[in-house]
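Since chain S is already given, all that's left is putting chain L on it; use the hints.
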Amino acid sequence: MTTLLLAEHDGTHLSPDTARAVSALAGLGDIHLLVAGNAVGDIAAAASRLTGVGKVLHSDGASLAHHLAEPLTALITSLAGNYEVIAAAASSTGKSTMPRVAALLDVMQVSDVIAIDGPRTFKRPIYAGNAIQTVETTDSKIVLTVRTPLFEPAPEAGNAPIESVAAPGWSGRTRHVETQKTVSDRPELGAARVVVSGGRALGSKDQFDAVLGPLAEKLNAALGASRAAVDAGYAANDLQVGQTGKVVAPDLYIACGISGAIQHVAGIKAAKVIVAINSDPNAPIFALADYGLVGDIFTLVPELTAKL
Amino acid sequence: MKILVPVKRVVDFNVRIRVKPDGSGVDLNNVKMAMNPFDEIALEEAVRLVEAGTATEVIAVTIGPAVAQDVLRTALAMGATRAILVTTDIAPEPLAVAKILTRVARDESVDLVLLGKQAIDDDANQTGQMLAALLDWPQATFASEVTVAGEAIRVTREVDGGTQTLELTLPAVVSADLRLNQPRFVSLPNILKARSKPLSQIDSATLGLDLAPRLKVQRTEEPPARKAGATLASVDELIDRLRAQAIL
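Those protein sequence lines, which keep their order, are chains S and L.
Just add 871 to wherever you are in the first sequence, counting from 1, and you've got the working numbering.
Just add 1 to wherever you are in the second sequence, counting from 1, and you've got the working numbering.
Isolated chain S, as found in the complex (with noise of 0.2 Å):
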């Protein structure tokens, strides 16, 4: 079998998340991987080091600039003939675009893959995480997304072919108007080694930031929020873990003033260790947190900065 997958790149950078379905797809054979945007040479050259990479197909041109599902499935389904299973990460990209190449292909996609048990067989996660299905498809051709902050970054050690693909053209019944990224120096969530995270407990935006940002900091952490404290706007959208946000995968995750709803545990329990800091002693979080402190987070985080 031969999987096409769709790589995931900002348009300057090839996304970390590329090299994660790297590996989480390479049990299933051949491995060739797209790379669709606007003078994104640099980002395919990249993808041809990742190790079990066979070949990348390098498509360029303005209609693929701005990551819009309907050129990336006209471009997909073009080339869709040749291939027995066709991926992406779990990205907003891949889940946007994805659903459409199956319809066209006339099969059911398999979405938020985190275990592959065999040719056809995945695992994948419902009721936000509180259960796992195990499904097997009978279409002929496969579609799936993958929950890659799962699975460990393939290496940089190969050398695939670098082939060039026409780009589609493109109606422009959908137009981009403007694309506001988040700017922060600070590691992507998805990504990061650590996540320092917050709670409606901080009570205000200055606060989240006041005691949470010097502990990232220290930490080179990503910073996350729950639900509450992003409808509260004490921290960005973007910043969201959980089942409706980001799900991730950090070495250590400090929930600050988090109380642990399902949504917000849906979304970090493949973290390798989870410090909890809650005044409140029966918060679900502790539950299922490695480490906790019971305590004021306004005492308590605020030391452990002043400590590390």
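There's no promise every hint is true.
Claimed, not checked - For lysine-lysine, the following DSSO-like pairs were computed, each having C-alpha atoms within a straight-line distance of at most 27 Å:
#1 L/LYS21 / S/LYS994
#2 S/LYS1012 / L/LYS217
#3 L/LYS194 / S/LYS1143
#4 L/LYS198 / S/LYS994
Hints listed in this document are in silico derivations from the structure and should not be mistaken for laboratory results.
Relative to the frame of chain S, chain L by itself:
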């Protein structure tokens, strides 16, 4: 402008689900059911577009057994103009749902389909995109802001690392994310009023579509449990433990 809002009947989001011990699925007996929260957000947005004079009609549609009428009554109480129940005796997968909705959207000549980004039971996040593909309409997923301007719709959507604004030529498909709005509470007078609003039925078997499932669910199981660890007495003890484990 005519808006179609597909709403799915799912286990209420407050319910802690139970996996059946024999691995055959999730226990749905005597469990409280409700409208999928993301669909509720989509419906709220559609009703607001009617209230703003932008849209003329909101058609709520669900696919399922007769009992799924209850979410349509809720939709009517929230302000949908009328409702359609497409009956099936199987639980259709997103691809089958998209095929049924394609037919409904065409038959009703709608200009916009607004639906939740995902259902909180299967968490598939596919139906809107599949529907857009089958209709060959433009799509915007994960909408956090929607404004209509003539023949186009402007959607701000949440993407990894920020937001993106797209302008779609109508007809189009838009899927709602959490922050699009806060759905209204349904008042008793509106629940009573909803009883007399039109609700029609279509038997999915009469549509001539291939709705057979493509995925065989072999097993459903509890996720590996994380055991509660130690409650520590001090910050120093925490640092010692993390250092001992080479986490710091």
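Task: Hint numbers contradicted by this structure - done: 3 and 4
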